[in-house]
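Visitor: So you can see what is in the structure, the chains are spelled out below.
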Amino acid sequence: MPVVTEERRTGIVPPPPPVPPGGRGGDDSSGSGSSFPISKGQIAVWILLTAVLMLFAGLSSAYIVLRGVPAWQNIELPWLLWPNTAILLLSSVAIDISRRAVRRNDMQSMKRWLAVGGILGFAFLIGQLAAWRQLVHAGVYVPSTLQSGFFYILTGLHGLHLLGGVVALGVVFGKALKNRLTAFNYEPLKLCAMYWHVMDGLWIYLFLLLLLS
Amino acid sequence: MSESHSGDHAHPELGFIRKYIFSTDHKIIGIQYMITAMAMAVVGGLLSMLMRYQLAWPQGVSPLMAKIFPVAYNGGVMEPGFYISLVTMHGTIMVFFLFTAVLTGGFGNFLIPLQIGARDMAFPFLNALSYWVFLLSCIVIFAALFVSSGAPMGGWTAYAPLSAIPAAAPGQATGMTLWITAIALFSASGLMGGLNYITTILTLRTRGMSMMRLPLTQWSLLVTSILGLLAFPVLLGAGILLMFDRLGGTSFFVPAGIIMNQMPVDHSGGHPLLWQHLFWFFGHPEVYIVVLPAMGMASDILSTFCRKPIFSYRMMVYSMIAIAVLSFVVWGHHMFVSGMNPFLGSVFTLTTLLIAVPSAVKTFNWLGTVWGARIRFTPAALFALGFVSMFVSGGLSGIFLGTSAADIQLQDTYFVVAHFHLVMAIAPLFAAFGGLYFWFPKMFGRFMNPTLGKIHFWFTFIGAYCVFFPMHIIGVGGQMRRIYDPTQYMFLQQQQPVNVFISISAFVLGAAQLVFLFNFLFSIFAGKRALERNPWHATTLEWTAPSPPGHGNFPPELPTVYRWPFDFSMPGEREDYVPQTVPVTITARH
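Which chain is which? The protein sequence lines are A and B, in order.
Per my numbering, the first sequence starts with residue 39, numbered consecutively.
Per my numbering, the second sequence starts with residue 667, numbered consecutively.
None of these hints come from the bench; they were simulated from the model.
Ideal Cβ positions, reconstructed from N, Cα and C, are used throughout, including at glycine.
Heads up, a few of these hints could be off.
[As the list claims (entries may be wrong)] Computed footprint of chain A on chain B; a stretch qualifies when at least three of its residues, placed anywhere within it, have a C-beta under 8 Å from a C-beta of chain A:
1. 695-709
2. 828-840
[Claimed, not checked] One side only, chain A facing chain B, incomplete, derived with CB under 7 Å:
3. Thr88
4. Gly165
5. Gly177
6. Val180
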C-alpha cells in the first residue's frame, strides 16, 4: 500500500525554522527552536483574560436573564461610580503614557506615569469601597434585591481582578526601579498595560450593564 | 545560551522530596495527577458498587453494611438519602476528579513537553501549583463524604433550588458547601493547567514541529484546553452565585413560593432554570473535555499498533475543532423537558445532531486506520480498539437522546444512564487504560505485564457491555435514573432480574480493575525492564528520550523534527516505522 507523507506529496523538504534569539525553554533557558511569533508571557495573559472575560460573560448572561423576572427591582446606583470611572480611565491613560515612554527610552517618564497609573488604580478600588459604603448607608445590602446582589458580586469580582492588576503593576514598578526594563525589553510593562486596559474596558461594560437596567 | 545545554547535566541531583513530591518537573506532576486520580477512581468505583448492591437487592438486610456504615445502613437497610448521596459523589468524583484529571492533568502533563520536544512546561511552577490545588480540591470533595449531616445530594449537576437552599436535604448543608468549594478549586487548578498546556504547545515546539506535524494527542489536548478555558469560568461564575444564594441570602436560583421541609424559604424571586443553563453551558463542553483527549490518544495508539498512518490526519484535526465549536451550542439538549419553547428544542436538536457529523468522520477514520492492518494486539491496542467500540455504542444512543421528541420519553431513565456511561465514562476509561499500557515504559522504564493486561481488557470489555447494554432496555422499560428501589413499582418488578444481572456484571467489572491496580503497582517496581527507548517502534518524539526521561527530557540536544508522526510501513524503508527525527531524503518517485 503506497504511503505518502506530507513532504513527499509536495516533494519539498521544509527546512527547520530558524532559532529565535533568546531561548524560551521550560524552567531552564536552553531554548527550544519554536518559531512561534508571540511570546509565552503574552499568550498566558491572553489566556488569563479570556478566562476572566468568560467568567463575566457567564455572570452577565445570568444578569440579563434575571432582569426579566417579576421580582427584579432596580437599585439607585451610587453617584461615586461616575468619578470612579473617570479615575480608572485616567489610570489607563497614565499606564499607556508610561508604555509609550519606555519605547522612547524615557525611563524617568515611564516610572513617573507608571506610579501615577498604579495610584489612580488604587484610588479606584478605594472609590469602589466607598461606593459600597454609600449603598450600605442607603440600606441596600447584598440580598436586598436581585440587582443589588449582582452589583456587589460584579463590582467585587472586578475589584479583585483589578487588585491583581495593581499588584502586578507594583512588581513591574519594582523592576523599573532596578532598571530591568529597557526600550527593547519591556514585556512585563506591555503585558500589565494590556491586562489593565482590558480591566478598564470590562468596567465600562459592567457599569453600562448595571446602569441600563 | 547554547543549544547543547543539557537538562541532565545542568541541574544538580535533587533530594527525594524535591524530586518526587514538590516537583516542578512535568513528568512527575503528570504521574502525581494520575495516581491521585486513580485513588479518587477507587473511591468513586466503590460508591458505584454500593449503588449496584442496593439496586439488585433493595429489600435485603445486610448486617455487615450496618457495621461499616451504622448511620447510612440503619438496621442493615440503606437510607434513601444515602443512595442519593452516592449518586452525587460517584458522578462528581468520576467526571471531575478522575476523567478530567487523569486525561488532561495526567497525560497532558506527562506527554505535552515530551511529544513536542520541549524540556518542560512553559510555566513549571504554575504547573506544580495546579497539581497542589487539584489535590486540595480532592481532599475537600473527599471530606464531603464524612460530614455529619451527610454528603451532598444534588447530583453531579447540583440542580437548583435543591442546591441553593441548605435546608433542602441533610446533605445540602455543609456537604453541598464543600462540593461547591471543591469544584471552584478544581476550576482554578484547571485554569492553571490549561494556561500551561496552550502556551506550551503553541510556543515551545521544537525545530520543525509545525502544527500539522503534531501527534493527534497534542491536538486533542490543545483543543481540550481551549474548551476548558471557555467553559470552566462559567461554572465558576454560577458557583459564586450559588454560594451567595446559600450563604449570602440572595435568591438568584430560588423561585417564589418554595417550601422546604415544611418551612417556607424566606427569600425568593430568582430562576432555578438559570442554573441549568449556566451549568450545561459548562457541562456539555465538559463531555468533550473528557472525550477529546481520549480520541487523540486512541488515534495515536491505533496508528502505532496498526503500523499504518492514521487515516486522514487533517480531517481528524478539523473534526476535533468542529466538535469543540459545536459543543458550545448544544447545551439545551439536556433541558428538553424544562418547558422550553418547542422551536428552541428543535434548534438544539439540530445543533446536537450536527455533532454526529465530525464524530462519524472520526469513527470512519479509525475504521480506515484499522482496515486491512496487521494489528499488533498489545493491551494498549486492545484498549484503543475498545475505546472506538464504546464510543460508537454510546454515540448511537446519543442520536435518540439528542432528538427532542425521543428524549422527552427517555429523559431521566436508565437509557440516559447507559448512554452517558458508555460515551463519556467507559470510552475515555478505555483510552486512559490504553494510554497507561502504552506509555508505562516511558513513565517508569518498565513494562506492565501483557498477559494480565489482556485479562484486564477482556473482563473490562465484556463486563462494561454486560453492565451498560441492558441498561438501555430497562431504561426503555421505564426505570428511573436516580431510583433507589425499583421494586417499589409494579411495572418495574418484572425487570428486576436484569438489575441483578447488571449488578453481578458490575462486581466482575470492579474486580477486574483490581487486576489492573495490581499490575500497575507491581510493574512500577518489578515489571520487565524496558531496555529499548522505543519498544513499540513508534514514531513520536517521546520515544527518542530515555525511559524514564531525566530532567530536561532530551539530553543533550532537543530533537529536530522532519516529518509528521505517522510514517509507518513506508515503501523503501528498512524498518516499518520512521521516527519524526529522521530527515527526509527525496528519493521517492511520484
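Visitor: A separate judgement is required for each hint: does it hold in the structure or not?
Guide: These are the hints, each one checked on the structure:
Chain A is given as covering the stretch 695-709 of chain B, and this is violated because 0 residues of the stretch bring a CB closer than 8 Å to a CB of that chain, at least three being needed. As drawn, the stretch 828-840 of chain B meets chain A at 0 residues by the rule of a beta-carbon pair under 8 Å; below three, the given contact is violated. Among the interface hints, the one on A:Thr88 holds; its C-beta lies about 6 Å from the nearest C-beta in chain B, closer than the 7 Å criterion. Using the Cβ-Cβ criterion of 7 Å, the hint placing A:Gly165 at the interface with chain B is not satisfied: the shortest such distance is roughly 23 Å.
Violation of the interface hint for A:Gly177 is found here, the shortest Cβ-Cβ separation to chain B being roughly 15 Å, above the 7 Å cut-off. Restraint check, A:Val180 versus chain B: the minimum CB separation of about 5 Å is within 7 Å; hint holds.
In summary, the numbered hints that this structure violates are 1, 2, 4, 5.
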